[in-house]
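There are 2 protein chains.
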Amino acid sequence: MQFDPKTLKFNDAGLIPAIAQDAENGDVLMMAWMNEEAVQRTLDTGRVTYWSRSRQSFWIKGESSGHVQELVDFRVDCDRDCLLVIVNQTGPACHTNRRSCFYSAVRDGEEVELMKPMV
Amino acid sequence: MQFDPKTLKFNDAGLIPAIAQDAENGDVLMMAWMNEEAVQRTLDTGRVTYWSRSRQSFWIKGESSGHVQELVDFRVDCDRDCLLVIVNQTGPACHTNRRSCFYSAVRDGEEVELMKPMV
Numbered sequence: 059m060q061f062d063p064k065t066l067k068f069n070d071a072g073l074i075p076a077i078a079q080d081a082e083n084g085d086v087l088m089m090a091w092m093n094e095e096a097v098q099r100t101l102d103t104g105r106v107t108y109w110s111r112s113r114q115s116f117w118i119k120g121e122s123s124g125h126v127q128e129l130v131d132f133r134v135d136c137d138r139d140c141l142l143v144i145v146n147q148t149g150p151a152c153h154t155n156r157r158s159c160f161y162s163a164v165r166d167g168e169e170v171e172l173m174k175p176m177v
Numbered sequence: 059m060q061f062d063p064k065t066l067k068f069n070d071a072g073l074i075p076a077i078a079q080d081a082e083n084g085d086v087l088m089m090a091w092m093n094e095e096a097v098q099r100t101l102d103t104g105r106v107t108y109w110s111r112s113r114q115s116f117w118i119k120g121e122s123s124g125h126v127q128e129l130v131d132f133r134v135d136c137d138r139d140c141l142l143v144i145v146n147q148t149g150p151a152c153h154t155n156r157r158s159c160f161y162s163a164v165r166d167g168e169e170v171e172l173m174k175p176m177v
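Protein chains in written order, with our numbering: chain A, 59 to 177; chain B, 59 to 177.
Read the hints as simulated data drawn from the structure, not as lab findings.
Among the clues, some could well be false.
Which copy is meant is left open, so a pair is good if it fits within one copy or across any two.
Said to hold, decoys possible - Here are the simulated lysine to aspartate or glutamate pairs, DMTMM-like style, with alpha carbons at most 25 angstroms apart:
| # | residue 1 | residue 2 |
| --- | --- | --- |
| 1 | K64 | E95 |
| 2 | K67 | D139 |
| 3 | K67 | E128 |
| 4 | K67 | E171 |
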């Protein structure tokens with residue numbers, strides 16, 4: 059069956075959450091948002107492209123930082139309202155320069171830092 | 059630093075997305091939503107608890123199906139607007155009886171099914 063981005067369920071703002079997972083080790087790297095065209099651009103170019111809600115513009119991941127995400131596999135969930143992109147991540151995925159955005163854990167009620175910024 | 063769910067960034071509906079990842083093999087299982095109390099209940103009970111937007115009620119994952127998620131680790135992202143719960147998943151995570159909700163992939167423009175329902 060041919061995939062049509064129009065069959066995805068976008069929220070009221072026309073966006074769908076996209077989870078990025080490291081193809082190498084399965085780490086969850088980040089979550090950001092795509093609109094219909096960002097989905098299409100990601101599939102067409104193999105370069106993961108989000109929609110920046112703060113800048114209200116396309117955000118080709120790594121375009122300015124070099125920390126690009128090369129698409130390895132593109133997954134759609136059962137409800138068609140969430141995406142999972144498996145990626146080859148160059149450098150850190152997080153704007154704090156950490157490999158993953160999920161570097162804080164809650165353990166025994168305390169927040170602990172699991173990762174330091176990459177150098 | 060003590061963790062306070064009030065420091066998370068909830069959307070206009072008072073919800074935050076939570077990604078569930080399999081503690082055993084790193085597979086991304088599903089994405090659902092939590093409100094502040096669901097976060098607290100998840101941490102207090104060790105049983106992952108979402109907020110069901112369709113039913114407008116707490117959703118203790120697996121409460122009716124037995125397909126529970128035992129919390130292994132609770133992560134917060136850099137912007138504090140997305141959660142990652144690492145879980146021991148009993149049985150399928152997906153309501154279609156598949157292990158993961160992300161069982162469809164888009165490859166060469168075609169949608170393909172990667173997983174069959176568990177028996």
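- Query: Tell me, which hint numbers fail for this structure?
  - Reply: Nothing - there is no hint that the structure violates, so all of them hold.
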